[in-house]
Amino acid sequence: MSTTERRTPVNTVDRVAFRDMCAEFARREVGPRWQEADRTKTFPRDFYVAAAKAGLIGITADESLGGAGLGCYEEAIAMEEMSKVNPNLAVSVLVQNVAGSILYEYGTPEQREIARRVIAGECMVAITVTEPEAGNDVAGLKTEAVRDGDHWVLNGMKSFITLGGDADVLVTLARVDRASGRNGMAFFAVDRRSPGVTTKQIETYVNRPAPTYRVTFDDVRVPEARRVDAGFREIMAGFNRERVMVAARWLGHMQNALNWAREYASVRHQFGRPIGANQSIAFQLAQAHVDVEAARHLTYHAAAKWDSGVPIRDLILDVSSAKLFATQAVVRVTQTALHVGGGWGLTEELPAMRLALDALVAPVTVGSWEIQLRAIAREMGLPCD
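Heads up, the sequence shown is in the working numbering, so the first residue is 1043 and it goes up one at a time.
Do not take every clue at face value.
Said to hold, decoys possible - Straight-line alpha carbon distances no greater than 27 Å define the calculated BS3-like cross-link-like pairs of lysine-lysine that follow:
id: 1; residue 1: K1083; residue 2: K1095
id: 2; residue 1: K1083; residue 2: K1242
id: 3; residue 1: K1184; residue 2: K1242
As the list claims (entries may be wrong) - DEER-style ranges, computed between Cβ atoms:
id: 4; residue 1: E1245; residue 2: P1074; range: 23 to 29 Å
id: 5; residue 1: Q1329; residue 2: G1384; range: 16 to 22 Å
id: 6; residue 1: D1056; residue 2: S1322; range: 40 to 46 Å
id: 7; residue 1: T1054; residue 2: S1236; range: 39 to 45 Å
id: 8; residue 1: E1245; residue 2: K1095; range: 28 to 34 Å
Think of the hints as simulated: they come from the structure by calculation, not from any bench. We treat Cβ as the ideally placed atom computed from N, Cα and C, and that holds for glycine.
Sequences are here, hints too, so could you generate the full structure?
Structure (structure tokens):
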């Protein structure tokens, strides 16, 4: 399937009931796990299995693969509801859906079988693209694959790979023809346990329940059958869908932060009345409400437009606007929650600091603020290069 022949939903669902189901899943499966995972900086594999059993892996995939055949809109609902409890376990589902989609949209029957196992909860994947010097600049990646008979030999290093050390298969972008520039790239479904693959967890303040890794490929032999017919164009198209999910992720997180701050402001008393009765606090919470609702409208507008099947070119302005605003707003809203918490907000007795810390990753994932602003300016016809 080419990037111009985009998948559109084949099934529909009662979205109110679907949202209720996702919220119940988040309460039942995310809630009991995330704090221990945050403390130990380890991903709970049983959460992935639970998400698969609930049908949240492969929401947009074909029913023949075990998917639901739903749309980006439903995927955003699931991401928002899970992120209201914890955005970091939620992102593990996003990773499975993004990496899995490379396999089921562009893969051979053998590669689509890997995707089927991902959707069934039998095989975790990670999307392995970012490098130390090629984050936003995907065209500048250096990892290389050289043909050797019926195998390819991979060499290079990837960084900030979510679940890179936990996944069974690394869906890895590498150069196969340096002379062809960005057109000379391809994905490989690499078995993480292959000789020459090493992973090392990167210690971070954020994303701890879904750890990030440095992944090194040292003369890793990958069968030709694991080469996916997808490369730079396909991952750039995929990034646009992923940005809608990122916007939904941070929408859920900021809604959680606002809910907590509003409740705390009603029960925390100073000078004989709730602090929320003070205009200075009330106005901050009112502004946070506007941020949340604006992010909601931008996110679901972009999701609905994605599902309409219009060309990627016609989606960029909406997707980048949603992603930019949501990732800016979540920082503002969580900082408001931290401020409402006062001195207690800096302690582990309240969730305010954890909410604020987790939001700090928002500006730099799947295209920084500057990248989104550049995309928006170009879509406006401004010569910003």
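Consistency of the hints with the structure:
Annotation: proposed proximity of K1083 to K1095 holds, straight-line Cα distance about 24 Å (limit 27 Å). A distance of roughly 13 Å separates the Cα atoms of K1083 and K1242; the hinted pair therefore holds under the 27 Å criterion. This hinted pair checks out: K1184 and K1242 have alpha carbons roughly 19 Å apart, not beyond 27 Å. For E1245 and P1074, the hinted distance range of 23 to 29 Å is satisfied, since their beta carbons lie about 25 Å from each other.
Range check, Q1329 to G1384: about 18 Å between beta-carbon atoms, so the 16 to 22 Å window is met. Taken as a hint, the range 40 to 46 Å holds for the pair D1056 and S1322, whose Cβ atoms sit roughly 42 Å apart. Taking 39 to 45 Å as the suggested C-beta distance range, the pair T1054 and S1236 conforms, at roughly 41 Å. Remark: the range hint 28 to 34 Å for E1245 to K1095 is upheld by a beta-carbon distance near 32 Å.
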